[in-house]
Amino acid sequence: MHKVVILGARFGGSATAYWLHNLFRRRHLDITVVDQWTMMTYRPALVTAAAAHPRLADNWHIAMQRRCEQAGQRFVRDSIFRIDPQKQQVHLASHPPLPYDTLFVATGSDPGWQTIPGLGADSGGVCEDYLARQTGDHVQRPFRSIAFAIGPLAQAPQDRPRVSGSLDLPAFEVSFLLDAWLRKQGRRSGVTMTVVTPAPVPGEAFGPKSSAFLLRELSRRHIDLITNARYARVESGAIHFADRKPLYAEKMMWVPPYHGSKLLRVSGLDDGYGWFPADQYGVHREWPNIYGVGDVSSTALPKLGHIAMMQARTAVHHFYALQRHGTPTPFRPYVLHVVWLGRGKGMLTMSNWLYGGGRELMHVGVSSALAKAAFDYGYKVFSGWMPVMP
Amino acid sequence: MGTTVGIMGAGMVAALAVSVLIIMWGARFLAHRAEHLLGSSARTSLMELFYTLQAWSGREIVLTLRRAESGKPAEHPMGSPVASPPLLDQVAFDPATFLPSHSPHTRDIRLGTEIGPRSPRPLRLSLPVLIAPMGYGIGLSADTKVALAQVSSVAGSAASSGEGPYLPEERAYAQRWILQWSKGPWNHSRAVIQLADMVEIHLGQGAEAEIAVHKNRRLPRRLNRMAGQQSIVIHSGIPRSFTRLLPYLRRVNPQIPIGVKIPASQHVEADLAVLAALSVDFITLDGSEAGSAGSPAVISDHFGIPTAVAVKRARDWMNRHQVRHISLIASGGAKGAADIAKLLALGADAVDVGSALLFALSHGQLAKFVPSFPQGPSALVFADSKAHPHPQLDIGQAVLHASRWFEATAQELRVILQALGLDTARDLSRSALIARTSQAASLLELPTAEHPPATGRLTQQVASLAQEYQRLLPSLELQFSLLQSRHHA
Ligand SMILES: Cc1cc2nc3c(=O)[nH]c(=O)nc-3n(C[C@H](O)[C@H](O)[C@H](O)COP(=O)(O)OP(=O)(O)OC[C@H]3O[C@@H](n4cnc5c(N)ncnc54)[C@H](O)[C@@H]3O)c2cc1C
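So the protein lines, in turn, are chains A and B. Residue numbering for the first sequence follows the working numbering, beginning at 1 and increasing consecutively. Residue numbering for the second sequence follows the working numbering, beginning at 1 and increasing consecutively.
Possibly wrong hints are sitting among the right ones.
[Stated by the list, open to error] Listing some non-contacts, in silico: residues in chain B with all C-beta distances to chain A over 10 Å:
#1 A14
#2 E114
#3 V154
#4 Q175
#5 G396
#6 S442
[As the list claims (entries may be wrong)] With a straight-line Cα cutoff of 30 Å, these simulated BS3-like cross-link-like pairs (lysine-lysine) come out:
#7 A/K209 with A/K184
#8 B/K368 with A/K380
#9 A/K3 with A/K87
#10 B/K183 with B/K335
#11 B/K335 with A/K251
#12 A/K345 with A/K184
[As the list claims (entries may be wrong)] Example chain B residues on the side facing chain A (calculated, C-beta under 7 Å, incomplete):
#13 P73
#14 G156
#15 A191
#16 V399
#17 F480
#18 L483
In short, the hints are calculated from the structure, not lab data. Bear in mind that the values here come from a model prediction, so they are computed numbers and not experimental data. Backbone N, C-alpha and C fix where the C-beta goes; we use that ideal spot for every residue, glycine too.
Sequences and hints are given; from them, build the entire structure.
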C-alpha cells in the first residue's frame, strides 16, 4: 500500500486528510497523521478570548485524533524532529522513524519571538490558546494603554507577492472587539489603544476598499495606528522602533513575527528562509513526493486558514491526478475573510487584489458576522471535515 | 381559643426550663468527667493521647500506621520539615535607609537572569524562578504538565520534563524546555536532546538521595507502553558512563547549558569540586526540605542538609575557587517570593519552585472533591491510572491561577528589592540578610540583631570596595583576554 504521511493537523493537515479520505479508497492508501497535539486549537476563535473572555480559549479545541481515527487513518502524537527526504523517513522524538512514499508538510510557521530583542511569549499574545487566555484575563483588570503589535513576515527576497506583516487581521479584530467590550463596561475613555503594523496600510492583503474601511473604523473608534513599523526591541511597557519614538503601552498583545519552520531548516528542505519552496501545485521544488500546504509554504500568502484549506485541496488533487494520469489544476489563490468588528458586525472581504487580479468585494454588516460564526461553528461541529470544503 | 393559647404558652415555658436544666446538668457532668480523666492514670485512659502527641508528631504516627498496613517503606508527598520554624523563616531582610547610599529606591527593577552564561545559548528567564522538575506519569498527570508548560511560557520561566517520559504537548507549549536526563528507561534519544533548551542530568534529589525508584502502581497506561515494561525502574547511584555522558550531550546539542542535579549533602564542597572539573554549566542543589510525589520517608525526612545551607556553602566554595561561569540553582522548600529572594541572596542564581505551584494550580478547583471523592486534593494534579476516578483538572483555570501566582511573585520580588535599595535581582547578596535566631546565624553565618555587623566607616568602605571589585572583575577579565587575543593576533 502507498504510504502517505501528513505532518500537522490543523487547517492544512486536517484538510489534506479530508481530501485523501474523500478521493481515495481506504485500501489504496496507508495514511498516518502526526501532530504534537491530539486536539486542534481553532485559532480564528481565539480573538474573542483575547478580548476579555479568557474562558473561551478552552472552548475551541477539536478532537483531530478522533476525527482521523474514525476515518481509518493512524494518528501519531509526537514532536516531529526531522525529515529525511533521501531515506523517505520522518524522525520523531519518541517513536521509531516513520517511512513514507508521499509526504504532506502542514506544520505552519514557528513564532519568531526571539527575532526581536526582548520579545517573548510573556510579552502577550493571541495565536495559541494559552496566550489568548492570558491576554483576555489581563485586559479584564484595569489598565490605561494597550498595543496590538504585528510582527514582520520574513519572506525570501525573491518571493512574490510581498506581504510585510506576519498576520495583521487578529490584531485589528481584538482591537475592535476589546473597544466594544470596554465601551460596554464604561471603561473605554480611560484606555489608549494602538495597533502597530509593519505594513503600509491595515488589511494589507485585502485591497484598497477594505483598507480604507479599516482606516475609517480605527479613527472612528479612536484606535491609533502606527504603520511601516520597524521594531528595534521590546521591553516591559515599551516598544522601541528603528526610526521613530518608542510606544509606551502598559499591556501588549503580539502576533509574533513569522520566520518559517525550524523543522524544514534542520531537514534541509527550506528555501533558505525557513519556508517550503512550493510550485503552483504545492510540490517541493526538489522532491516531487513532498507537498507543502498552508502557512509553512512560501506560496501561502497571506497566512490564512482559508488559503491553507485551498492549498490542501490543490495538493491532494495533484497527487490524485498523478495516480490516475489526469491533469491537475494549479493553485488559484483568492482571499476570503471576515474581520470581527464587535457589536455583532463583521467586514467580509473576497479579493484577488494581492495577486494582481484587481477584484475586491467588501461587505460590512451583521450578515458578514453571521457568515463567520456559521463557518466557525460548522468547522467545530464537523471537526474540520465539513460537507462543503473550500 | 384563648385557653388553648394559654396552655401552649405554659407548655413552652416548661419545656424551655427543662432544657436549660438538662444543659446545665450535662455541662456539670462533662466537667466532672474531664476532671476525673485528667486525674486518672494515663495508662488506662484517653489521656495517653496527650502524651503520645507530645512525643510523636502526627506525621510519624501516620507513617507508622502506613507501614503496619502495607508492610513496605512508608512514603509521603509534599516535602519534609527540617527546622522549626523553617530555616528561611529564621532569616529577615535588612531594609535600606541611608545605606546602601549609592542606589536610589528605583522603579525599574529587573528580575531577568540567565543560566549557563558560558554556553552559546544560555537559558534566559524573565525572573529567577524555574518550575521544578516533576515527571509526567511518575509524578504529575498529563493535564498538570500541560498546564505548567503553558504557565512557564506566559511567565517567562521554563518547564522541565522531570524524570518522566517525553510529553509532546509539554514541549510544544513551553517556550523554554529543560530535559531532565534521568536514569529511567526513556528520553535518551538524540532527537529529544536536540529539542531541549537545557539538559539537567538527574543524579539524585533531596527526597530520594540517589536510591533506585521502582514504580509499578497507579501508572497511566501510556507510561508502561512507552517504557515497554510493566514496572518502571529509575536506577540508583552515579551511572558508570557519567563522565562520558557530559561530552556526549554537548556533542549532540552544543548550543545549550548542561548541568547536574544532586541532593544537598554534608560533603557538598567535594561534590562541587568534581562537577566543576567536569565543566558543567550549572549545578542544582536539592535540599532536604524538597518534596516529591512520594518518596520513602526514611530518606526524605532524615537525609541531607537544608537548601539554604547548601546554597550558602556552595557559593562560598565557588567564590573561594573563583568559579564564576557555573550557575547555581537552589531547589527545595521555597514557598514564595521571600524564600526565593533569601536563596538568591545566599548565592543562588535561580530557584526551583514545585509544591507552591501545585497549590496555585489547584486553587478554585478543590471544591470538586466534596462530597463524592475521598482522595486528597493532590489527586487533582498527580498522575494516576484510569481505574481510580477523580476530578479532572480544569487546565484553563489552573493556568490562570498559576500565572497570577507568578505575577504576584514577580511583584513581591520587586517590592523586596526596592526595600533593599537594589536595581536587579542579581545585586542581592548576603549583606541584605539578618539572622533572627542563633541557629540561622551559625548555619548561614549571618549577623543577628543583638550582634550588629562591623559598623565603622572604614569597614563599611572596605566592604563596598570588595563588592565593587567583585562586579568589576568579570569585565576586567574580559578586557584582559581581549588584549591577549589581540596581542597574539
Ligand atoms: C489569532 C488568529 C486568528 C486567525 N483568524 C483567522 C481567520 O479568521 N480566518 C482564517 O482563514 N485564518 C485565520 N488565522 C490563520 C490560520 O489560523 C492559519 O493560517 C492556519 O492555522 C494555518 O494552518 P496550517 O495547518 O498551515 O498551520 P498551523 O495552524 O500552524 O498548524 C501546524 C500544526 O503542525 C503542528 N506542528 C508544527 N510543528 C510540529 C512539530 N515539530 N512536531 C509536531 N507537530 C508540529 C502544530 O502542532 C500544528 O497543529 C488566524 C490565525 C491566528 C493566529
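Structure-based check of each hint:
1. A14: Since the minimum Cβ distance to chain A is about 59 Å, B/A14 lies beyond 10 Å and the statement holds.
2. E114: 13 Å, holds
3. V154: Per Cβ check, B/V154 is inside 10 Å of chain A; nearest 5 Å; violated.
4. Q175: 5 Å, violated
5. G396: With a cut-off of 10 Å, B/G396 comes too close to chain A, as the shortest Cβ separation is near 4 Å.
6. S442: The claim stands: B/S442 keeps its Cβ more than 10 Å from every Cβ of chain A (closest is about 41 Å).
7. A/K209 with A/K184: It holds: about 29 Å lies between the C-alpha atoms, which stays within 30 Å.
8. B/K368 with A/K380: Holds, at about 28 Å.
9. A/K3 with A/K87: Satisfied, since the Cα-Cα distance of roughly 14 Å is no more than 30 Å.
10. B/K183 with B/K335: At roughly 28 Å apart (the allowed maximum being 30 Å), B/K335 and B/K183 satisfy the hint.
11. B/K335 with A/K251: 28 Å, holds
12. A/K345 with A/K184: 15 Å, holds
13. P73: Where the cut-off is 7 Å and the nearest Cβ of chain A is about 31 Å from B/P73, the hint is violated.
14. G156: OK, holds: B/G156 within 7 Å of chain A, min 4 Å.
15. A191: 4 Å, holds
16. V399: Interface hint status for B/V399: holds (6 Å vs cutoff 7 Å).
17. F480: 28 Å, violated
18. L483: 28 Å, violated
Checked against the numbered hints given earlier, this structure breaks hints 3, 4, 5, 13, 17 and 18; the rest are met.
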